[in-house]
Structures are given as structure tokens and as C-alpha cells.
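With these hints in hand, go ahead and build the complete structure from the sequences.
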Amino acid sequence: MKLLMLGGTRFLGRALVDDALARGWEVTVLHRGLTGAPPSTAEVLFADRTDQRAMVDALGDRRWDFVVDTWSGSPRVVAENARILRGHVDRYAYVSSVSAYQWGLHVDETSPVVAASATSDDNSDYASAKRGAELAVLESFPEVLLARAGLILGPHEDIGRLPWWLRRIAAGGRVVAPGAPTRPLQYVDVRDVASFVLSGLAAKISGAYDVISASGHTTTSGLLEACVDATGSDAELVWIDEGRLAAAGAQPWTQLPCWVPQEGEFAGFLEADTTKASRAGLQCRPVEETVRDTWEWMQRETAPTQREDRAVHGLPPEIERELLAAEE
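Residues in the sequence shown are numbered from 832 upward in steps of one, following the working numbering.
Please keep in mind that the hints were generated in silico from the structure rather than gathered at the bench. Fair warning: this is a prediction, and the values are worked out from it, not measured in the lab. It is possible that part of the hints are untrue.
Stated by the list, open to error - Pairwise CB distance ranges, derived in the manner of DEER restraints:
hint: 1; residue 1: Gly1080; residue 2: Thr1106; range: 35 to 41 Å
hint: 2; residue 1: Asp888; residue 2: Glu974; range: 44 to 50 Å
hint: 3; residue 1: Ala1157; residue 2: Gln883; range: 30 to 36 Å
hint: 4; residue 1: Ser1030; residue 2: Ala1156; range: 49 to 55 Å
hint: 5; residue 1: Arg1075; residue 2: Ala1142; range: 20 to 26 Å
hint: 6; residue 1: Val875; residue 2: Trp934; range: 38 to 44 Å
hint: 7; residue 1: Gly1112; residue 2: Trp934; range: 37 to 43 Å
hint: 8; residue 1: Arg1075; residue 2: Ala946; range: 19 to 25 Å
Glycine included, C-beta positions come from ideal geometry on N, C-alpha and C.
Here it is, written out as C-alpha cells:
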């Protein structure tokens, strides 16, 4: 198999390249050369994908079996690239997001999606940009595999969710643990996304799949206790209820990564039905493996630079002190 990877040097792209190489596939990485280098066993093509002429020149008359794209910028770029790639690749996989569904209405792949345009130059709204990119690919590749990923964790994370929890828990002491310990979580290991996408391409599946674990694959306590075990920390998890967190101004998802309340506007969040992807081959490894491997990577390598298009994650120390002081 021959794979063309657009991007491929950070987090999900890196996991896709590593997985394809491990399968014995021939891998070509097309990127700008600004955010790291792919493995030496992968071929490299240099081009800025926002420049159509550069893309045409880089591709030449080459052909590949598959292309994988993870772009989260303007849909217009995806539309132009997809048109250029017709005749160069047989099958296309686009890694989208469950954010493409209308807020509060996501149950499964049949749920309503946000309004979007395949020709938009606007990427300020992540949900509409991802949905617009889906529409852009569909224009040129009707049989595209749309992998709508949920919360992605794992080694080489460049957003800072799990790394923040690991660093905070490794520091020890009393640690704010949000909400109910049994709160079901729903996420996916980056390597499991890669495996699903590549196996899906090889099996010629198409259409939209919610690539995320079953709700309750782990819980808030399962995630945080795995962090304690992985780091060997003496940290004490101090459970704070949702009402007190809100009163202190602690923001779910960003300041308290991976977690949202079970009530209010987040009701039903992290509870989607992922049966379709599971039946198509998605396998999700245990949370303990994801956490352990992420911690080992953090000890081994320098953390990637914070992505400019994502918020900085983690609970501000002053809010943490306020919450913990009330529990003494």
C-alpha cells in the first residue's frame, strides 16, 4: 500500500505515519517543513498546501493508494487540494470532528450537523470549518471516509489536556478532582484513531464514523487515578462538586481538561452512541495504557510547542487554592 499523508509531523499525523510504516506501507509525507520531521523511512515532499501551484508541482505525476488529511483550517483549501488529488489517489480519508454536530444534539452519526460551506475561507469556528472541509472532500471524493474524532489523548499531544493532568498530579499534594468520581468519560487514544483510519481505508469503508470510545470507557476517577499510578505520585485527589466548581469560576474542558458537568448545557455530552465505529473495527485501549505511554513520552522528549489555535489548558493556581482551602 502507498499512503500520502498531508502534514504528518505532529500528534495525529505522526501517529498515522508511524502506524502506516509499521504495517509495511510506503509512506510519503507532504508538509511545509516547519513543525518537525517525519521518520527517516518515510519519503518527504515539501509544499505549502495553501499554494495550488506548489501542490501540483510537488505531486508531479505520482500516484498513491490512499491519502489522509487532518486539516482544520479553511474549507476552501481542502476543496482545492481534493480537486488536485483526483487522479493521484484512489481513496481519501479526512479526520473530522464530533464538533461538526449541532451543539447538544449529538447522539450518533445520524445527528444534525452544523451549517457550513465548502468554499469558505473562514476557520474561526472550528465546528463549521470541519464540516465545511467534509463537504469540500465529498465534492471530489464521494466515497471518502469521514473519521469524526472525539477528544483525542495520547503520546505527542500538542494541546495539553492529559499532559497538564500528569504534570499537576506528578507535583503531588492535594489536587482538585472535578465533579463525581463516576462521571463517564468519552475519548480516544491517538493511536487508535490512526489504526481505525488506515484499516478503514484498506477495507474500503466510507461515510461518517464517530471515532471515539464508548461512553464510560473510563470515568473521571479512572483517568486521574491512572495519572497517580503512572507518575508514582503521592497526590491526594480532592473531589469538588459541580456547584462549587462553577461558583469558583473553574471552567470545564479547558481549566479542567477532559471534564464537563453532567447537568445544564453539557447534559448528554460525552455520552454519544459509537456502535457504528465499533462494528467497523474501532478498538480502544485501556485508559491506563494511554496515560502510562503519555507520561513515558513526556519523560523522554521535549513537549511540543502549544498550538496557537487551541486554548491553554489547566486550572489556575489561585482557583485551585480557593477550592482546596474550603475543603480543609
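Against the structure, the hints:
no.: 1; hint: Gly1080 - Thr1106: 35 to 41 Å; verdict: 38 Å, holds
no.: 2; hint: Asp888 - Glu974: 44 to 50 Å; verdict: 27 Å, violated
no.: 3; hint: Ala1157 - Gln883: 30 to 36 Å; verdict: 58 Å, violated
no.: 4; hint: Ser1030 - Ala1156: 49 to 55 Å; verdict: 50 Å, holds
no.: 5; hint: Arg1075 - Ala1142: 20 to 26 Å; verdict: 23 Å, holds
no.: 6; hint: Val875 - Trp934: 38 to 44 Å; verdict: 39 Å, holds
no.: 7; hint: Gly1112 - Trp934: 37 to 43 Å; verdict: 29 Å, violated
no.: 8; hint: Arg1075 - Ala946: 19 to 25 Å; verdict: 37 Å, violated
In summary, the structure is inconsistent with hints 2, 3, 7 and 8 from the numbered list given earlier, while agreeing with the others.
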